[in-house]
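*Asks:* Below, each chain spelled out in residue letters.
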Amino acid sequence: MAVDVAAASGGRALRTDDPVEARFCEFVRARSWVLQRAAFLLTGDRYLAEDLVQEALARTHRSLRRLGDEGHYEAYARTALYHLHVRRWRRSRFAESLPGELADLAGPDSDHAGRSDLKISLHQALARLTPRQRAVLVLRFFEDRSEAEAADMLNCSIGTIKSQTSKALARLRVIAPSLLPDDHQEAAR
Amino acid sequence: MTGDFDRLRGAMSDLAEHGGSPDVYERALHTSHRRHRRTMLATTGGVAAAVLVAVGAGVALGRGSPHAAPPATVQPLPSPTTSPTPSLSRSPTVTPSSMSSSPSTSSRTSRPPAPHRSAPTGGCTVSATTLDHAPGARHPVDPQTLRCWHNWVIAAPLNPPGDGSYLFRYTAKGGWRFYAEGSAFTCTDLGIQVDPKDPPPFCG
Chain A
0 MAVDVAAASG GRALRTDDPV EARFCEFVRA RSWVLQRAAF LLTGDRYLAE DLVQEALART
60 HRSLRRLGDE GHYEAYARTA LYHLHVRRWR RSRFAESLPG ELADLAGPDS DHAGRSDLKI
120 SLHQALARLT PRQRAVLVLR FFEDRSEAEA ADMLNCSIGT IKSQTSKALA RLRVIAPSLL
180 PDDHQEAAR
Chain B
0 MTGDFDRLRG AMSDLAEHGG SPDVYERALH TSHRRHRRTM LATTGGVAAA VLVAVGAGVA
60 LGRGSPHAAP PATVQPLPSP TTSPTPSLSR SPTVTPSSMS SSPSTSSRTS RPPAPHRSAP
120 TGGCTVSATT LDHAPGARHP VDPQTLRCWH NWVIAAPLNP PGDGSYLFRY TAKGGWRFYA
180 EGSAFTCTDL GIQVDPKDPP PFCG
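Protein chains in written order, with numbering that gives the first Met the number 0: chain A, 0 to 188; chain B, 0 to 203.
Treat the hints as calculated values from the structure; they're not laboratory data. Beta carbons: idealized from backbone N, C-alpha and C, even for Gly. Just to be clear, a hint being listed does not mean it is correct.
Unchecked claim - Residues from chain A that face chain B, not an exhaustive set, calculated with beta carbons under 10 Å:
| # | residue |
| --- | --- |
| 1 | 23 |
| 2 | 28 |
| 3 | 32 |
| 4 | 34 |
| 5 | 56 |
| 6 | 58 |
| 7 | 59 |
| 8 | 121 |
| 9 | 141 |
| 10 | 143 |
With the sequences and hints as input, model every part of the structure.
*Replies:* Put into structure tokens, the structure is as follows:
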């Protein structure tokens, strides 16, 4: 049975006879933006994020037959995304890009100047963390993953997640204190 | 701990919106297929290289022998008999003769298959090279002088230090071993009961 799949690519329609391929296409169309958001936080650059998502999805595509159930696609792609991110960081030839374009997005007449300031601060601060610290922060505070889930995702121990989180927050407190609760408020809790 | 970080959470959520929502389906598909092709090419190339190396090694070994033998063929095992005459898996095809009328039955193939220096004569299914590597062997034997009888082989050395010949014996446990050297042997000393219809060629 041929399945029409409206690919997100410029409205073009892809036609495939393979139902597994069709399910994967639907998954990409429906969920790639979620991966893209996480990838953007990890890389700080939209184009690097696209590359990361593309690579993670390609890996997922190659494992479609093994994954079987469609519900596993996203978990697999997400894990691949974080693994690729950390692996790229380990490669010495990989040069990280520093954020620069985000300041243009926060207009002076914005209704949410405060939130824009926080975004810019966060964007710059994330670029000054190590990729692993960045990954831990994204998993814990963007994806709301538990320490155990984050450890599973990054293939490390829970202790590593705790220590990396602590170091990342300590660094953020120095370079972007506005993002974190005040010390006296935290002490009062 | 994470409940105290609403500002950080909010900023992350806002910042993530800047990631956009690009189309990556076709690109991911293209990358996946490209990787698959690369893997297939690498696998095929590896297999081809392994085959070339194996063929090249075989050719090099064949050329390295001073008396290159014709390509060895695997001799099919004949019907079993009680005789423990050895059969080497890479022995060349030979013309049957009365001397080796008893077929080989042993399947001893653990000894490393050495290249044959020459085709053995006299209907032997053992090569001179095998005998040269036999424990106790003293000098290389002349492949033209091999004469077999059951699990015994007598051969003259290539550069004879004397006038004696070498006697080798095969056992299932130890394979081919150098047994004795001399110009004449006595079958009773060797523990061989002589059958007048099938006398050993090395007993006086």
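*Asks:* Please flag the earlier hints that this structure goes against, numbers listed from lowest up.
*Replies:* Failing hints: none at all.
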